[in-house]
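Novice: Two chains, two separate frames, one set of hints: put the complex together.
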Amino acid sequence: MGFFLQYAWLIPVFPLLGFLLLTFTSLRRNNTASGWLAIGLMALAMVWAVGVLGAVNQGLVGGASGVVPVETISASGPEGEAPPNFLLRIDWAPTGSTSFEMGLLVDPLVAVMLAMVTIASFCIHLFSLGYMATNPRQSRFFSFISLFTAAMLLMTMADNLLLFFMAWEVMGLCSYLLIGFLYTRPQAYRAAVKAFITTRIGDVLMLIGIVYLYTQAGTLSLGVFANNIFSPEFLERIGSETNALGMSHATAIALLLFCGTIGKSAQFPLHVWLPDAMEGPTPVSALIHAATMVAAGVFLVGRTFPIFEADGGAALGFVAAIGAFTAIFAALIAVAQYDIKRILAYSTLSQLGFMVAALGIGGFVAGMFHLITHAFFKALLFLGSGSVIHGMEGTPKIEALHHKDEYAAQQTAQDIRNMGDLRRSMPWTFWTYTLGYLALAGIVPFAGFWSKDEILADAFKGNHWIVFSVLVVAAFLTAFYMTRQWRLVFFGSYRGDNPVEFKNPEPAQHGDHGHHTDETHAAHGSGKPHESGPTMIAPLVVLASFAVTAGLFNFPFGGESAHWMGHLLGEEAKPFSWLVAGISLLVAGAGIAAGWFFYGNAFRKAQDRDPLEAAAPGAFGLLHN
Amino acid sequence: MTSFPLLSIVLWLPALGALLLLLLPRNRDALYRQVGLMFTVATFVVSLGLLVSFSTPAGAAASAAAPPTMRLLEQLPWIPAWGVGYSIGLDGVSLWLVLLTTLLTPIAAWASWNSITTQVRYFQVLLLLLETALIGVFVSVDLFLFYIFWEFTLIPMALMIGIWGGANRMAAAMKFFLYTFAASLLMLLSIIGVYALHRSAIGATQPGFGGTFDLLRIVADLRSGAFALDGNLARLLFGGFLAAFAVKAPIWPFHSWLPDAYSEAPTPVVILLSAVMSKLGTYGLVRFNLTLFPEAAGWAAPAVAVLAVIGILYGAMVAYAQSDMKRLVAYSSLSHMGFVVLGIFALNGLGVSGAVLQMVNHGLTTAALFLIVGMLESRRGSRDLAAFGGLWQATPVLGGLTLLVVLSSAGLPGLNGFVGEFTIMQGAYSSPTLGWPFLAFAVLGVVLAVVYLLRMFRSAFMGDTLAETASLRDLNRQELAVLVLLCLPMVAIGLFPNLLLVSVEEGVAGVMRGILVAVASR
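From first to last, the protein sequence lines stand for chains A and B. Residues 1 to 625 in the numbering used here are what the first sequence spells out, letter by letter. Residues 1 to 522 in the numbering used here are what the second sequence spells out, letter by letter.
Some clues are possibly wrong.
To be verified - Chain A is faced by these chain B residues, among others (derived, beta-carbon under 10 Å): (1) Trp78; (2) Ala440; (3) Val446; (4) Val447; (5) Arg455; (6) Met462; (7) Asp464.
What the hints contain is simulated information worked out from the structure, not anything from laboratory work. This one's a predicted model, so the numbers in the text were calculated from it and none came from an experiment. Virtual Cβ for every residue (Gly too), placed ideally from N, Cα, C.
Chain B with its partners taken away, still in its complex shape (with noise of 0.2 Å):
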């Protein structure tokens, strides 16, 4: 099975058709979108096949101190000389989050044919190259590459908020560019750090050994015991990769980049800003800080928690104060991420799966509020909720799937944000670093969600018809079928949790093998 590099076709895919397309001939605008979106559903098409090795349950692991298995591991030396391989794999954990990037991927490009007009070539250039680049971040097994990656998801993002955003794209590119790269550069001190200090651990005990980027083999000494990351190093090397994923997820108080980025990007950059590049921080916090650190974990968890609670309900207020829907949405986005990291770090099974079973959910949800918000602005000309009204009568199909997607937001239970939330409550309350408290406070943030999201829904599509709203036609097929798309595994994974639970949680297992460890030796 591993003879197939089935997972760099799926991670390369998307960056050979941004070389096709800037092969192709001079103003084919039609042929540009076109052959993005093909190599986007080509690349969504592919990655289901991942789902085929899923499809068997891994054997036990073989001890409490292995590694998280990977599956389709595919490494290659790259630069021997620093220890750097090209190894990427799937596990549980990135694997949804693989599949959410090929599946929002295409609707972003979908959604660019009517709202990107100009530089139609470089917009579908830089869409694939993100793509590569979000899908080589969550696959990479490589301290190396993985940075890399991540690095590069910032340059396509970037300019497209600074070309084709809104009036103030400019600043809003910028503050997004140097907030990220700032933080990113001390997740960078903190890769070589950890580096430096495994080769000089293994080196003691294996002359020659010449260093390794290797995550797996990493994790495999960390917990075998011959290489330990503890005490205040440990602590300030996770500070490092804290603030990288901070500043990403957003956790409260680094989110002063996010509204902006998020009301100034046009509707397909929005997609996959808020959908998949922010779910980049909370895999990293799982992937990087539970599995380096999980001493250092548990003594900053509550701190961490606390911010995201914080989090949760700052963004559910601010948002019932704004008329803009799109920044209602932007902070309704800060304040569900906010449950994210509460789940991370209630630091047991069922929190971390729920935290992850959630960047999955809040994905999609996000995905289609940022595209219904992008549908009623072309529509109506404005996305103020005073400009709109009884759209219900007008547009009851579009009302109908709104109030589906909102239900969701708000975790009504059927749907799949209650699954999330409530896998992650349950997580809280009985982690061995949180409690009730926490739940309390969380609790009071799904009450606000409800609030804001059914006043949104009320503003918009209750109430009198306006003369302006009473003509504005409904979805087109193109437009039902993709909010159809998204809707469908809202309803899936309400009704069938365990369609995604099973793999999601054989992962997380991999992850916590450490967790565990560390916290019964306190």
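This is chain A alone, in the form it adopts within the complex (with noise of 0.2 Å):
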């Protein structure tokens, strides 16, 4: 274990290495061996990250030179803190007198973070090498992908903010590339630019925020120790000196840097580029739009924490109102929507809010449990309904719509409306959407339900009250609308035969060439869509399974095991509370059942109205735009 903490830098270069070798060798003429390529150096930095992640479990601390067990580290920081697990760092300018420096950590937060995104990259990957494989560009877009993950990784580690926001913005241009992949088409090219502008506002904002704590601080390197962001006599200073608009400079700076946030987890009111962003194809909305890049906005607040809590709650206060009020503002509109897709963007907005409303009211640790629980289960929802949306491609009526119009017929293959009785005919992606669709509504045991009852739990506790029952109102509608999309799409009658067809308002006049070529299709005769192939049902399976267990990251109880995570990021267990568990529970249960009561007998044909509609078709019209 100690071996892999010892090269931890080597996390990051493997997906880099795979974009060099994608982009620049004559690689990138052979689709399948680009796809196998990335994959395959996806499963080392996977493997990798799992290693550091047990070297860190077992206390192991070093750096490039060699690492040893903590307890034989002398010199501590202050108040017993221990140095980070593994450090490497390099000049990079000069500034004046000093130089600035850039480098390498890995502390029990990081190490938990790398090993979430590679797993939920590496499923991505495979999962992308069925669902792209018709795609002529397939081979650029595993570079794209590889890119995304090794910025990803680069900033997880990053030691001080200014690399953490160098690769912060190269994430931010994998997502504008891959969003506008199918970059023939108006939609595609629009949304990409909207995502790129709307989260750039938030980034320059939180650069200022940068600037400004630089010249308080001197230094924008992490840590606790003298010449570090959150030494404590620094914290203390800027917690209590104001500036010229009378707030002080902590309050300032993280209300700076949450502007990012704002923006790359597009949080209200920069959440506007999320829904569009799911122009890109299904995998990108799973890795970056759901599991990865949405949720680094949230791990920003978490590695900067110590600065947000230095003002004595002022900031934390207004995290928690923008958290709270996006977490029920999206889940509103993921009611009244019918692209499979959409609703699971409006859902991952909701469920960022609810992150993010944690970390307001302090809960650290929930918060970042919840964000590693989501990333496993929307990751599967996502990957589940892109396998939804191959097979509805795969049908008869759509396929002749695809040679007419090809993104009238992908938007009407990704309309709820249309579908139905899928279990039949998908039992995989049935039985994996629905162990993702439980986890997401909070039903025990499922890992969404662990994190989502910590973060009601700490609210509960710490008398946030309003946060608390925005929350809990929140879980009813994630439940509600889930029951809804799922009820829909694998229930009652199949509707794909006389489907609602979507109107291009601006047909493309040549289409995207070769982009799903007739052949692959030609074997698809029935009215039914098909269930995908093994490398598309395996990702699902992997991830379906940490859907069911990642609440064992945190779980409960356990004696000595439990609170694993909690420990490992130094944070004192707080006990369960039955009495939140059984509101949690409650509430999940109610939503679902009135989800099922309205959506029980809905639906017997695409054109009919949702009931929703039927009983307040203003308020229905409105959340549905």
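Specialist: Structure follows, in structure tokens:
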């Protein structure tokens, strides 16, 4: 295990190597080979990251020269803080008398994130091999997602905010490239530019925050030691001194940094780009816009948490308010969507709101815990929806539409009104999707239950009544809209033979050549969609197993091994609250029951009205747009 | 080391090439082109030798009053009666600008192979003369010599626009010449003023002192207190220099020659005009306005910085409204030069270092952008955005490199533009004269840059492929090599800014010694 830690810097290097090989060598002309190469390198990175997590769990500490158990290190930081488990720095730029150092670091929080990102990314790489098989630019696709993964891993391991920001922006670039991957479609390139510019607005404000922090601290290195931005003396100073606008430096810096989170994690009011970003291929939505990049904003708050705490609560109050509002606002919109991916996108917004709200009320471990579990089950749901869409695109009705207008065909294939009864024809997808659904809805014993419960418990015990009640309502809505979706997709009768066809306002003149060639789907004869192939099912199974078990990372029971993640991150475990767990379960059950009740007999054919629309057309229409 | 006149060789090698070209027989266009390219490439190779002398750090300055430390200093008397000397030298500020010039001139020479087909010999001659003049401006440490080189850059440039430019070339060339020439005259008055004041001040204590145009001597006397430049007279002289540099850079509202000159000039000329010539102005601000007039610079800084910020925003907004790609890049250039000026008038080490770095960055990026526009124009016969669409399918390699250059210009971290902008922002924020409002507006400029640059990229390279653009050919080997040559330093600087910043900081420290005293005494 120590070996993995000693060479921890290799983790981002693997996918970066993949990007370089797939971009600059002739490998780029061979789609299958480049796919397997990217997958192989990702698998290496995954093994490495899990090894590092194991080493960190054993309490090993070291750098590029070797590792030793943490007990043998005598020099500790203030308040007995241990040094990071891994640290490697180089001179980057001189700034007057000192020089700016850049480096990589691993501490428990980083190790957990690394494991999550590499596992999710590996599954999604594997899934893409089948999903993108017919795209002539598949090699380019792998090169982009490899670059993205490298940037995400680099950001996670960054030991200072400037490197963090650089990797953060490269992720934004990859997001732009991947949303606009089908760049011949006006909808795709418009969504790509919108995403890049919207997040950029948040990013430059964050950059001001970084400059502000730098002028105050003279350093951007993360850490509690002297000459680090979390050294206690510095935090106390910026918490007490005020600037020209009358707020403390800590508040101002924290709020500016939080602007980056608002952009990247698509919190209100910069949330507008995320639903449109679903124009990207589905694996992209799963990787970037569900599991990793959008969670980076939450990770930013987690990473700089001492600054948010330094001012005594003003900044965190704002964070909690934004998070809670986004959680309920997005959940409401999700109720009124028909596009399977858009429902998941709004659900992601809402869940990110949960995490942000958790951090805002001081629930550091709860927020990060939910980040990890959510990454697994939401990636699972997105890949599951990809499998469904892939199946739907193979049906004769949509095949026929495909020849006329590719974009309209895709939109029609994503419409849940056109699905139904898929549990029979796509059993693997159905069962894995169901596990993800139960995890998201918050049903015991799936992963989402434990992490959501911990957020609610933190709000409950901290007497944050407004946040608590808002999140409870949002949890109810989550269970409701997911039941609606699950019910319409997998139960009832199949409605795809007479679908609601999407009318494309700007039909393409030439179409993107070669995307989904006809031979591929020649085998699909019957009316109903078919199950996807093994390279698409395998990642679903892996992610589903995490959706079931990820709750164990911070499981409240089990004596010594309970609250493993909390211990790793150095927070006192709070006792499990049966009351909150009961409320949470009750609410989830009520949401499912309501969803089943409303949609149990709805949509006998695709053209039917939504029962909620029939009940309250005005409100539904408002939310639908 | 100083005995070998390396710097003089770099300076005069292009002029030698120009002379040789004039001696060649008639009607041998291919030969003229080869000779032109050969001499510019040779100059670049020799200029790499300049780096050797910067491989060891200079010792600490003798005192706070020492003038900027020049390396490879060569000083010969030239017109002793007036105190004019042939003195040239390099510091960390000018080093990278000289290298930028020697890197970009061969690229311009290469670009002229296809785009310049008439009077080839004279174009190559003028190009080589221009290179000598440009290097001369960067290396002169004598005010008189500086002025001669300064004016001499104008003649080849105006001729090149006027003879080989687009449809309105004569008007553009005249406008360019008159604007910059008029402003230069104000600088000449200032130079003479500084000379006369210095002569009378020193002459009072040292009878028989005949006066000197030697910048280092004047600065040494300024910093030791033997000679003082302050009060309203100093501000007036400061204004004379500022006028010349503001037109050249240009700083808003002195930019009105820019769109015409940039869009009329042929590709090789516009590369040098935007990438190198505009740096003469900002370089002059650092070398003369900041070094000679620290007090007046502090006085004028907020006002100039306001103009710089207006330029950033104005350039960005007008760039967004352009459909002609060349004009779009021209206005983006105005916006980016505003950043450089903002960094300079932050009046601290960070800001000025960032500005110098950004001069180099902007040179590389703008040259690449104009080169790409030139390639597109020669393929499609138009540079209107509406004439392009979905190019990425037809020309994937060009598309990828264009995206890299666009992102460098937009300041994406990991590429060079970000390092410069970040350093300038830090400088502006912690500046004694500016502060966070300037930062806020500058940041708005960064967002707008993304908007207009991505708009250009989207319109030309994304979307549906037009029938007319579907068959355009991708880059050939030469074009690829040249673009990669420009892109490599972008990535290198972005990842390892220390390559440049170490020597830049050393040079800037020489300039800042005077400012620190002036700011401290206020």
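Novice: Return the numbers of the hints above that this structure violates; sort them in rising order.
Specialist: 1
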